[in-house]
Structure formats: C-alpha cells, structure tokens
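Chain order of the listed sequences is A and B. Residue numbering for the first sequence is 1 to 203, as defined by our numbering. Residue numbering for the second sequence is 1001 to 1564, as defined by our numbering.
Think of the hints as simulated: they come from the structure by calculation, not from any bench. C-beta: ideal position from N, C-alpha, C; glycine also. Certain hints may be false.
[What the hints assert, rightly or not] Residues from chain B that keep clear of chain A, each with C-beta distances beyond 12 Å, as calculated:
(1) Ile1050
(2) His1123
(3) Lys1273
(4) Asn1367
(5) Lys1390
(6) Lys1437
[To be verified] For lysine to any residue, the following SDA-like pairs were computed, each having C-alpha atoms within a straight-line distance of at most 25 Å:
(7) B:Lys1509 / B:Cys1296
(8) B:Lys1459 / A:Ser88
(9) A:Lys89 / B:Lys1391
(10) A:Lys112 / B:Lys1371
(11) B:Lys1421 / A:Ser183
(12) B:Lys1184 / A:Asn132
(13) B:Lys1456 / A:Trp24
(14) A:Lys186 / B:Gly1244
(15) A:Lys57 / B:Glu1472
Below are the chains, spelled out letter by letter.
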Amino acid sequence: MTRVSLNQINSEIVKAIRGINLEWGLAYETGKMCVFLSQHNIKYSREICYLLNKYNKINYIPNLICKEKENLFIAPFFSLSLIENIISKKCQWEGYVFAPQFLIAAIGMFAKEFNIKFSIKNKKNILIAKSNKSKVCVLKRNLNSDYYFISQEKLCIQSNNLSLLKKVNEYKIDDNDWSTILSFGKNSFVKDSISSKEKGAGY
Amino acid sequence: MNHLISDLPNDLMKLDNLGSFHSTRLSFSRQLINEIFKKQWVFNILDWKINNKGKGSSIITVNTHENIYSLIVFAHLITDEDRSDRVIADKWDLTFTLFKGVPSKKELIHLKKNVPLQEKGQHLNKQITLSRANKSMRLYKHTLNNLAKGKQPDFNLIRDIGYLLRTTAVYGNGKFGIHDFDIKDNCKVLRNPFWAEMLTVYMLKYFSIELINFLAKAKGGTTSIKLDEKISQFIGTGNATGLGMAPYIINHPKLIHTWIDNKYKLLKKISSKKVVSQNRIKFIIASLKKAYLHICQWKVEDTVQKRKILKSRKELSSIINNKKVLSLLKNEFPLKNFLSYIKDVSQETKEILYSIFIEAFPIMSDNISNKMSCDENELVNFNHTISKLKKIILKNYLWAINKNNKYKNNDHYFWYVSETKEEPRLGVKNLDNGYDKRLPLDICLQVNKLYFLLNKYSKKLKISDLILINPEMKYIIKRILINEKYKYSEIHESLTHKKMKPIDILRFKLSFFGATKFDPKSDLWTRITLFQGAPLPYQIIKKQKIEWFFPILENYDSSISQPN
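Between the sequences and the hints, there should be enough to build the whole structure, so can you do that?
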C-alpha cells in the first residue's frame, strides 16, 4: 500500500480523469469524492482504475436511465450530478450502479453542505446508507455494483443497523492502482519540445 | 461611504490593478512575525553538521509553546551550470523541509535520502513543507569573501540584491505526500493560509545569516567578522516565482475573494474615519517618507516596472513636500480628504498609500488578519432555471460576454502543464502543441460559450437537466453559481488574451505573502524578497519592537575593516 496525502489523491485523480479526456467539471468532482472516501477509509481505487482503462478507449456519455444491468450508472463520474438532479426535481432515483460507494460520498458531501437527508436502499429495500447533517451512516463499507434506490428524506430515518462513518488520519492506496492512476495522469500533460521549454517561467 | 477607494469588482479585479498591489500588515509574513513576537516563539539551532565548504545538514527548531517544528536543511555543492531557478531544475544549493516536531534518527535518515530529491522523493506526513533554494551567487560570494577578510559587504550590493538565498519552490498543503493543510487544525501554523510556507522562508533567512557567518569564520579564521546586525536584519529570503501561481488564483476563487474583501473593507473603514489621532497622523507622515526611501532602494531592470517606480517616487516626493496636502491630515475626515486631493496618482502609489493606512491602524488590521482563510469545499444547489443563470451572468460576467471578447486576441494563449516536472506553461493557440490539454483558466471564453449556448434552450429548463445534456459546461456553471456570493472571486479580464501579462497575477498573490522588491524578469516570472527587514530570532527574544514594513537599508561604509 502507498501512503498518500488528500491533496495527492485529489490532484492525481483529477489528472488521471483528464488523461482520458473527461470534462474538467466531472474530473474535479471525482477527485473530491475520492477524497471523501479516503477520509472515511472506503476503498475505491480498483473501480477508478477499471473506468480509466475502459473509458480510455470509448467515450463516456452521462446517463441517468439505468434500469438494465448492461447500462450501469457510473457513480464515480456522475454521482454529484445525480444528487443535484434529485434535489432539483425532488424525486427518487433507482437503477443499476457501478461503484455505489461514490453515492455514499455524494450524499455525504451534500449532507455536510446543505443539511439534506438522503437514504440509499438496495434492491431488497434494505437501508444501506443514510445522511443527516454532516453525518453519514452505512450498513457496510464495501458495496457491490447492483440495483439501488436513492431518495431525499424529510425526516431523519431511525436505524440501529447502520454505523457512523468516521474520519481516519492516514490514507493508503493499493500500489498497483496508484501507479495506474499516476500513469493515466501523465496523459494530461503536454510533451516537451525546445520551443515549449521557453514558454515557462525562467524565460 | 468613501467613494475614493473603489471596491467595485470591475475596477478592482483588473490585472493592472492587481499587479500594483503591495504587501500590507494583513500579509501572511507580517502576520506570522506578529504572532512570533507576541507569543515569543523560541528558535534554536539543534544540530549543525555543515563542513567548511558548506556541505552537510542542519536542524533549526522553533518552539511555539504549543508545538515544536524543525527546519531540516541539506546543503549541497553544485556547479554554477547546474544552478537554475526553474521548476525543471533537479539540483539546488539547498533542499529543506519544515517538520512537525523533531525528527527521530530513523526519520532523519529518510529525510536525508528523500528531501534532496524534492518532487521525486517519498515524503512523510510529518513534513509540512518541502522546499529548495539557490545562492544569490553575486551577493553570496562577495559577502563571504568580505566577512572572511574582516569587512562588511558592499552597501550597494546588499541594497540592490538584499538576500543571500533564493527559494525556487516552497511546496505545502499535501503536495507530494506531505502534510495536508487543514483549516480546522488546532495549530495556527497549520490552519492559517501560507503560514507554514512563510515560517519555512523566515527560518531560511535565519539559516542564511548563520551559514554565511559560519563559512566566513571557517575561511578567514581570526581575521573574519560577523555580518553586522543591521545588515543581517535587512537581509531577506529571495524567491523566484513563475506561472504556477496563476492556476492557484483561478482554482481558489473564494479564498481570493476573502483576501481582497478583507483588505478593501478595512481600507474603507479606515479612510472614512472622521477623527484620527495626532500620533497616527505623525506615523502616516513618517511612513510616507519611509515608503519613499524604500522605493528609492527598489532597483529593477524591467522597463515597465522601472517606469512605475520612477513615477511613484516623483508622486510620493511631491506629496511629502506639499504642505497643503499634509495639512489636510489635520482636519476632519483626514484620510478621505487626503485621498481626494491626490486621487490622480498612479495605482502603484495608491497601493503604497493603502499599505501605509492599514499599517497606521494595527488593532483594526490585526483583528481581520485571522479571517484570511475560508472553507473552500462548496457545492451548489442546481435548483435554478436557465433564466436565473443568465441573469447571474449578466450581473457578474458582463466583462466576459462583452462583444470585444469575441475577437481572436482573446483566444491567443492557452495554459497547460508540461510533462517535465509538471511545469505550468503558456502556449500560443495554433502555434504550440497541447491546446486540447489546456487548463480551464480561460474563464472568459467559457462564460461566452455558455452564454450563447443558453440561448438555444428554454428559459424554464433546470440547470441540472442542462448539465446532463452538456456535461462539459458543468465546471463553468458551478463556478458561476458559487462565485455569485463572492464578488472578488474572478479576475475581470481574459487570461488568454494576447495582452495579458501573467506577472500581474503573480504580484497580486505575492503581495499577500508580504513580498517586497518585485523584480520582473519577463512577463512570465519575477524575483521578490520576503522578510526583508524582519527581526531575527535573537532580536525577537530581546523583545525589540522593530518596524519592518517598507524596509530600508541605512547607509554604511563597508570599506572599513572591523575587529571580530
């Protein structure tokens, strides 16, 4: 495992996402969600690397209609946008989700900022995560890609089965995943040339 | 309200204006020294393993009475050819790190191996900053030789250069795996913006004096002398700064707003005072003279900056010698009337006057100094329609959607990051490679594009739906919505315009660090000095109150040899 700082997680994830030409706005949001997950010791790097490899070859097109297993909602790229949409339309959303831990990050970030309560349930209608003020409670940290329901709640949901997400002080990431992320990040840089060298400070 | 100090974003947030900023009492280096003095921090050289050639390592600690921090310095011997201020350099005279606590033996071994590697090293969470510096060869060699011979260095050289060591990067906030900045940290050094970086630079000033005295003694033996106390105090730490600061300004709009808002709110409050005590007026008049002498000692080669300095000298001289204008300071609303009388002076001079005013009211400014940081993690509520978004654009971004901005000069440059050590660079569109990998600093162009795109959709469409169709617009839409609350969050000019000078952005940020003697070397980079005139640790411990804003080197005769 490689020890990393939050700044490194944010900046290297943004660079990697930019390395596959995803839009800046989405890259920044993925970076911030990864920071949230790292702060709360929830793993995410494998899923990020999978997406980097996949969308390096094909274009990512955002989609919120994900009722088929073949048509997963890509939570690492679009969870914050989904939550914004739910708030805006005051609706519930359901569908197949890839990397659902990013939904937890998104509801956690919104809960902190706007004090909006959210719940996430699985296909058996079991509550697996909820947010209230700046607190997020989860049933378990590792969630599989599956069918989920997300809704905004007016009242605080009582549940004794969930445990509060707590922040950790040290952030570690799988060595191989980290080197994959760093290598995709390099795609966001511009190759050096003699003339480009003169375009930087020092000249 | 005092209309003489314009706080309109459209005036204030222009590059020419921002590029005239001077350091003030609110600047981070000034705040830091005030705190060091007030809390009587204790500095100590814990370890000195530097040999007579100047190679080795040293540990300097500072006890803040809440925490201990250590500056661990590694001194290297490099050739003149290897010495470069650029980010792409990989050898430096000194590499160093500010460390939380005192490093253990094991940690020290790790630091010795990794700190000299800088960006390429594996860094510890206890490292708060990571930095490197080069010698100012002209002044360094001269000072060393003179001290070794029992002579103080030449007055003109000290005055014109003003530092022995020049940092070329001071990384903080979690860069390369070091400690993350946290606004909620219990410790002031870690929660106040740029305090950790400034503490590093201040400790390097102290180190530079100790180093030159040590090497002079090693070279000259009993003939050698120490650097005079007043010269030592005057010596600052140099810094070479490049394009990396521009992305920072664009990426931290709320923080930038906080800095400017605090400065101008304070200035408005001060300048609208009906009565100002005679002591304060005397201080202001004395400071005008001090500022004049300071800029007389400010030497640059850059023709634009040289012209600005000369104009400012003339303007300050004419204010100081104008009895009528000085008499205005004795009446009611003294500062308002004073500013009204001299309203046509250059921006450079105005900013000098603003620094003096802020300095004259230390309690007011010190009350604000702990409000210079903010929580930047913001999300927005997208429950708005396109109609509302358009209104916000027309209110806050009229400067961006102005017709003139459609001309090609507005799309002349693009900002990018080079693969060599991730150095930020400025490319010319249609000439240089990398346009497709440009950084999103072209706010003006993005707002324009969005504004014209909005016309294609129904006014009632929700922004959240617009983003689903146009995810490429998310960055700029979010920025516009967040910045609605922060009127000083945007530079009101295109950062890709042909006439744009990055140097203005650099100066703006550096002024908040407390930089003096801005010395532009091109439109892309500048040298500056930090902590020039700041009291040294042994002066602080004696509780010697030292005024060091607009520092001046008092004349001395360096030709006379002195006994050790």
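Against the structure, the hints come out as follows:
At the 12 Å boundary, the C-beta of B:Ile1050 stays outside the reach of chain A, the nearest C-beta of that chain being 29 Å off. Not every CB of chain A is more than 12 Å from the CB of B:His1123 (nearest about 9 Å), against its label as outside the interface. B:Lys1273, annotated as away from the interface, keeps every beta carbon of chain A farther than 12 Å; the closest lies near 39 Å. Taking the minimum C-beta to C-beta distance to chain A, about 28 Å, the non-interface status of B:Asn1367 holds against the 12 Å cut.
The beta carbon of B:Lys1390 is kept farther than 12 Å from every beta carbon of chain A, the shortest such distance being approximately 17 Å. For B:Lys1437, the condition that its CB be more than 12 Å from all CB atoms of chain A is violated, with the nearest at approximately 5 Å. A distance of roughly 23 Å separates the Cα atoms of B:Lys1509 and B:Cys1296; the hinted pair therefore holds under the 25 Å criterion. Taking the CA atoms of B:Lys1459 and A:Ser88, the gap is near 16 Å; set against the 25 Å cutoff, the hint holds.
Simply put, A:Lys89 and B:Lys1391 have alpha-carbon atoms about 21 Å apart, close enough for the 25 Å limit, and the pair holds. Simply put, A:Lys112 and B:Lys1371 have alpha-carbon atoms about 22 Å apart, close enough for the 25 Å limit, and the pair holds. For the given pair, B:Lys1421 sits about 14 Å from A:Ser183 by alpha-carbon distance, which is consistent with the 25 Å threshold. Under the criterion of a C-alpha separation no larger than 25 Å, the hint pairing B:Lys1184 with A:Asn132 is consistent with the structure, at around 21 Å.
For the hint linking B:Lys1456 to A:Trp24, the alpha-carbon distance of about 23 Å falls within 25 Å, and the restraint holds. Using a Cα cut-off of 25 Å, the hinted pair A:Lys186 and B:Gly1244 holds, with the two alpha carbons roughly 18 Å apart. With a C-alpha separation of about 19 Å, the suggested pair A:Lys57 and B:Glu1472 falls inside the 25 Å cut-off, and the hint holds.
The structure is inconsistent with the numbered hints 2, 6, although it conforms to all the rest.
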